[in-house]
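A.B. asks: Going by this note's numbering, the sequence shown opens with residue 2, and the numbers climb by one from there.
A couple of the hints might just be wrong.
Computed spacing ranges between beta-carbons, pair by pair [stated by the list, open to error]:
#1 79 / 136: 20 to 26 Å
#2 55 / 136: 19 to 25 Å
#3 108 / 46: 34 to 40 Å
#4 146 / 54: 29 to 35 Å
#5 46 / 94: 42 to 48 Å
#6 23 / 72: 43 to 49 Å
#7 13 / 50: 18 to 24 Å
#8 107 / 55: 27 to 33 Å
#9 24 / 55: 29 to 35 Å
#10 107 / 4: 25 to 31 Å
#11 108 / 44: 35 to 41 Å
#12 81 / 25: 40 to 46 Å
Read the hints as simulated data drawn from the structure, not as lab findings. Idealized CB from N, CA, C, for every residue including glycine.
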Amino acid sequence: ALSGGMIPASVVLADDEIMMTIKPGEHGSTYGGNPLASKVAITSLQVLKEEQMAENAAAMGELLREELKKINSLHIAMVRGKGLLNAIVIDHRNNEAAWELCLALKENGLLAKPTHGDKIRFAPPLIINKEQIMECVEILRTSLSVLD
2 ALSGGMIPAS
12 VVLADDEIMM
22 TIKPGEHGST
32 YGGNPLASKV
42 AITSLQVLKE
52 EQMAENAAAM
62 GELLREELKK
72 INSLHIAMVR
82 GKGLLNAIVI
92 DHRNNEAAWE
102 LCLALKENGL
112 LAKPTHGDKI
122 RFAPPLIINK
132 EQIMECVEIL
142 RTSLSVLD
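Let the sequences and hints guide you as you build the complete structure.
C.D. replies: Shown next as C-alpha cells:
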C-alpha cells in the first residue's frame, strides 16, 4: 500500500494525452487533495526510489521463481509471477490441497494465500532479501510433505 495502510491514499498515473481530457471539476474522490496523505504518498515514493525497492523486487522475484522451479515435487504444476507477486499451481486430486498446504506453511512459519482453488500466492515485502527467500523456499519444500 502506498501509505502502508495507515492513511487513505491512492494515485492515478497517466500520460498528458489522457489526463488533459479531464477538465477541472469533472473528477474527484473522497480523499482527494488531502495534504497529509499527499505528503505520505510522496515520501513513500521517495523511499521506494532511494532504497531501490523496485530493483530488489525484480531481483528477489526472479530468485524466488528460480528456486521454486528447483523444488522436485509432482504437486507443483507451474510457477509463475512477476516481481514479488508470484504463485504456484498445485496439481493434486484433493480440491483442498492448496488450502491444506497453506495451513502447513503457516504452521512452519510462512504465510501464503490460496487463490482460485489450486493456486497459492506468494507476495513478500519489497525489502525481502536472499536469505529470507531461501528460508521461504525451504519452508515450502518441507511443507509439501502434507500432500504426499
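A.B. asks: Does each hint hold? Answer for all of them.
C.D. replies: Each hint, compared with the structure:
1. 79 / 136: 20 to 26 Å: holds, 23 Å
2. 55 / 136: 19 to 25 Å: 23 Å Cβ-Cβ, so the 19 to 25 Å window holds.
3. 108 / 46: 34 to 40 Å: holds, 37 Å
4. 146 / 54: 29 to 35 Å: Given a distance of about 34 Å, which is inside 29 to 35 Å, the answer is holds.
5. 46 / 94: 42 to 48 Å: holds, 46 Å
6. 23 / 72: 43 to 49 Å: holds, 48 Å
7. 13 / 50: 18 to 24 Å: Given a distance of about 19 Å, which is inside 18 to 24 Å, the answer is holds.
8. 107 / 55: 27 to 33 Å: Given range 27 to 33 Å: holds, Cβ gap about 29 Å.
9. 24 / 55: 29 to 35 Å: holds, 33 Å
10. 107 / 4: 25 to 31 Å: Because 27 Å falls inside the window, the suggested range holds.
11. 108 / 44: 35 to 41 Å: holds, 37 Å
12. 81 / 25: 40 to 46 Å: holds, 43 Å
The structure agrees with every numbered hint stated previously.
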